[in-house]
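Chemist: Start from the sequences and build out the full structure, keeping to the hints where you can.
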Amino acid sequence: MVAYLEFFPHPKVDLVEINPGGSLADTISDFIVKRPEIFEMDHVIINLGDTLTSPLSAEHQAANFVAYADTQESARWTLFRNSENAFWEISDKQYREDISTWHTFLGVWGFRDFSEFASILNRTAATNGVSHFYIAITEYFAHHAPVLVKPAQWIDYGHADNLNIARREAMNHRSFNSMSFERGGSSIKKSSQNTAKLIDEIEWVLSQPDALRPFTPTIYSYDLAPDQPWVEMEFYPYPSLDECLVFARHDLDVWERIFNRVFEVLDLQGEEQLVATDLSLDLKTMYIDKPRERIAHFLDTIAIDVPIDERLYVNGVKCPSLLEATELLPQLLESAGALRADAFVRLHGDLCFGNILYDTHHHLLKMIDPRGRFGRNKNFGDSYYDLAKLSHSVHGKYDFIVLDQFSLHREGEARFELKFRERPDHGEIARMFERKLADRSVDARRVRLIETTLFLSMLPLHSTRPDHQMAMLLRGLSLLAECVA
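At position 94 of the sequence shown the residue is numbered 85 (our numbering), and the sequence of numbers has no breaks.
If you are wondering where the hints come from, they were derived from the structure by calculation, not from laboratory data. It should be emphasised that the depicted structure is a prediction, and the values quoted were computed from it without experimental measurement. Where a beta carbon is used, it is the ideal one built from N, C-alpha and C, also for glycine. Among the hints, erroneous ones may be present.
Listed below are the simulated DSS-like cross-link pairs for lysine-lysine, each with C-alpha atoms no more than 30 Å apart in a straight line [what the hints assert, rightly or not]:
1) 427 to 3
2) 357 to 180
3) 309 to 281
4) 141 to 281
5) 309 to 357
6) 3 to 180
7) 357 to 369
8) 309 to 410
9) 3 to 25
10) 188 to 275
11) 369 to 180
12) 427 to 275
13) 357 to 281
14) 427 to 410
15) 369 to 281
16) 369 to 427
17) 357 to 188
18) 188 to 84
19) 275 to 180
20) 427 to 281
21) 275 to 309
22) 141 to 84
23) 369 to 188
Just the calculated beta-carbon pair ranges, DEER-fashion [claimed, not checked]:
24) 175 to 6: 58 to 64 Å
25) 473 to 301: 15 to 21 Å
26) 394 to 280: 28 to 34 Å
27) 255 to 88: 45 to 51 Å
Modeler: Quick look at the structure:
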């Protein structure tokens, strides 16, 4: 949190360093000592740091309120219910056989008279296994009848299974128009208006050889009907590698195992080849025609204020203009050998970190959401394409952009500062990836050029987020500057 707010300072957020190791009541008491001006506020909300709810109304936020949910389990949360002997009866993480009359505290409370609550908190003590914070809560709301607020959604990030539920919910925002969870949440059923893409995905999974099946989802049932295809496959609650890279803090040993597994998959994909004499047509389609069409569409609908025919400075480095990039890339790709191939290999086609699930405890990897096509070919394509997709996550910082972990500042007409919320270990992870490429005699410059086409091709796909468009444009031009330096 400290690092986040140092990178994204907010005028309405004030971090207060609290003595570690204390109870919730100790934390609040310590905060009061360090910020006594809290007593001057008309209304105070306490929100536990691992709890997120859907937005509360302004009316509720201004009231004495308690956020609650129906109880599903008793031993992991603090519960309350009306009692004949007291305003509330509290069950503080105790097992209850019958939970039908209990409600769960979500960890969000509103106080109209925080001074009184603080006074109660200061003179109460734990009783019968109930922490004195909840004893104070009960006494305060006995004198200030609260509004009971039941948010439409809430997530307790303090429990791993709830984090997995959040991941499951987030998957509904992917490009598929319909997704449901089946078999008690152990499988997902997907359908899409983009029928061709879904059919390609299903056929890609079904076509995998035995050696690659452990790295792909298990399909339970499917229908390849051209007008309404669908698939039901096993659901894996593993985090995706973009989460691991941007938000998690895995040791470098873990990243060594991750990359070893990823390159194991790439090596297995390379064992089966498609040999043909006209593969250069597909390479030209993917690396020249597609970016050119996407850039033209971007220019036709451009909504960001940026000169397209003037060289830009990104973090002090002079970069080609966008129009110059469209002229340079075909020449550079040709000279790098990216437009010639004697054979294609098995390909995922969209092997960015967001499409790789990884269980760091058991070192299990699953590839999801394949593109399934490369030019005219299904399931086979240029091995450098998957490498470039990986690189645009590791080196290109694509995931930092789509996950809003970047800052962008403009200085004049053509000077920009683009920064990512990186930690020191991110540099080590990128260097580890580069070493893996070098160990396989991969042409890093060729990877970088294809990576550049990926960033520039994505510009029209992010028209609803001009800040993302600008960041991707600047990142693509920066990568191109690396190639021509």
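Chemist: So, against the hints stated earlier in the document, which numbers end up violated here?
Modeler: 1, 4, 5, 6, 18, 19 and 24
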